[in-house]
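Which chain is which? The protein sequence lines are A and B, in order.
Going by my numbering, the first sequence opens with residue -14, and the numbers climb by one from there.
Going by my numbering, the second sequence opens with residue 54, and the numbers climb by one from there.
Note that these hints are calculated values from the structure, not bench results.
Any given hint could turn out to be false.
[To be verified] Quick list of in silico lysine-lysine cross-link-like pairs, BS3-like style, CA-CA up to 30 Å:
id, chain 1, residue 1, chain 2, residue 2
1, A, K332, B, K351
2, B, K293, A, K243
3, B, K205, B, K169
4, B, K455, B, K108
5, A, K243, B, K239
6, B, K324, B, K293
7, A, K243, B, K324
8, B, K205, A, K243
[Stated by the list, open to error] For the chain B half of the interface with chain A, some residues (derived, Cβ under 8 Å), not all of them:
id, residue
9, L319
10, L352
11, R355
Even for Gly, the Cβ is constructed at its ideal location relative to N, Cα and C.
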Amino acid sequence: MAQPRDFGFDEETGMLKDGARRLFEQRQPLVQLRARLAGTEDPYRGSERPGWHDAATWQEMVGLGWHQLAVPEEAGGVGLGLVAAAAIQEEIGRAACPTPLTGTLQATFVLIEAKALGHLAKVAEGTAMALAVTGEDGSLGADSTDVVADGSRLSGTSWFVQDAGKADGFVVAARAADGIGLYYVARDAVEVKPDRIVDLTRDQGRVVLDGCEAETVAAPGDGAAVLERALPALLTLVAADIAGAAEWQLQTTADYAKTRVQFDRPIGFFQAVKHPIVDMMIAADETRSLVYNAACAWDHDRDDAVRCARLAKASASDTAAFCANRSTQLHGGIGFTWEADVQIYHKRQMHSQFLFGDGAWNRQRLAELL
Amino acid sequence: MAEKTSSAEQYEFRDYCRRWLEENRPPPTETPLPQAAYEVTYADHRRYLCDWQAKCYEAQLIATDVAKEYGGHGHSNFQAIASAEVRRARVPYFINWIGLGMTAPTLLVHGTEEQKRRFLPPIFTAEEIWCQGFSEPGAGSDLVSLSTAAVKDGDNWVVNGSKVWTSLGALASWMLLLARTDRHDKYNGITYFLAPMDQPGVTVRPIHKMTGEAGFNEVFLENVIIPDHYRVDAVGAGWKVAMSTLTSERGAAAGVGAVASSESPLTAVLKVIELARRTRRNGVAVWDDPVWRERIVKLYERTEAAMQNGRRARIEALNGGAMRLPLQGKLVGSEIGQELGAVALGILGLRSSLYVGDEHAEEDGHWALAYMNSYTGTISGGSSEIQRNILGERVLGLPKTK
């Protein structure tokens, strides 16, 4: 099946994306975040920095049905595809918004591949979820999990759980006698130990399981294959987030270069500044086009979805690093300060760069498909 | 223009183009054709390519959507299909690429009725080959400082000066000429002419490129006469007209025929991947060396991105503005092409030294030629540095360099 020329981006998706941008413009998540960060700056003596998101914004998203956007209609959701989900994620990235929606969208695509209608119905009811599938070494792939399943009881620690503090429940990969399975555990049944991380817009933590009772999402032996099937969607969602943040970095840096005056001219006059900003645009545009292509492949040409998603995340990882680097450098001293929002995006991009593999990793996997 | 054509007819036309190109593919030439149309110099290549273009015109692959009174075929929404099929079929390029890619689009917008009727038909049939007289020894990237002067003398203009980097100059019968008609007004002192090359006072001297090929020329103009009815648009409007010509050159306009070489960028990357697979060094295929593979796959990624940029450019809700992506095309494509050439030479290692004519050279020196010729892409038609100025200023609104 071939992709539609328009990336499957219909009027409804356009309205959804515009709506997301308007919501974040109204809510100003970074302004709220900054208020929370006061006093936490010093990495040695600053106060603790618990994960934060604006509950009212989340409730508004739930009211708009974004949490169940990709949940199939048979499980009570809206039944839209990855094109719509990636469009929302791009706006989350542009706003650098801390939100449980990011993890919930990722979990949704895993649950869809597991055909876990019951758990998808939980998502539709407004349960925020996060994926807990990574082991201590941070390796990708379900077989890195350090969690062990004994019947329906899970023990061990799941590492690098994204937005762990925002989730009501976790989709956990665990090793059983018959292979890797996927399980659902509620937040109340586990201990979440927050990590101290560089990125200010996410929280990350370890989920510690102490023989707690879990519901099976994918039977032992099927879990790795389910994650593998869902991987193109996960890669595309992170790449979409990066594309949105990169566009913010581009526009903000261009605006700064138009207003900051040195040597009697706005610095954007000088080609040593102008040309790298153009290179940011080129990088951001390559990634954006590959993201739309990957999302559309998932919805309309699934046989090509892995290749397209590897392309998108490979490009996005490099774009994240490059646009972060240039945005800080071209802002000069101010870009290096805590005060400047470019540092917030810089750290978010540094974090996103490595989620589900960096550029080199994804290109090596891509090479195997060529 | 005819009324809007339904998609069933478009499918039918596509099948027709595909079949025709399959059945009419010309036999190879004795000496291989140069890699791109701007390098043609040999008389036998010229005859071969002119015949080929004329045949493609007869088959309606060229000037497909142009009105019949100007020598076109009077269709609507068929040209893009014909051009895509020509590129896909990997048949020889069209020698009159400047005529098709620049003269025709410029005349269709700025030309008089008489100019369109006189000049367009022989462009399509390749009976009259065109060259472009923009750059001068003292006016390259800073094109607007050009000094070749045209002075009015009755119904004629008398032109003196010199042009450089003139591709196809030795074969062309007409030149798109920018000349200064007012020394005191930089931007409004330039006028656009259609200059006949076949007259006393026009001297064409070939320039050999670093490849050794003589694809472009210096052109000296000494008291050259141009009748006033060969002026395009108003006296002093030349810069404005030239900008629209350059837009055509940079691929932002639909055009009247496929002028690009027949190999798609993706095909070129896939060829490099094949080269890496079959080239063994120190007992290992280069493709199995992760360092080389990273470089190659990065180019594959960027090539796919460029193709998806082209797709996204046509979708208003996603393109970030009408010109943002089209203006990146030439810059990005030429830089990827250059890196691809460099990577191919790296894959070959010492064997990359073997050049055209050496019996052991890989594909008769193709990769060394491709790498060296890639600088045509990054320098001509506005260098990569100028492209970055244009993108920064027109798309991002940064202050103008000049």
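Hint check, failures only: 4, 6, 7, 8, 9, 10
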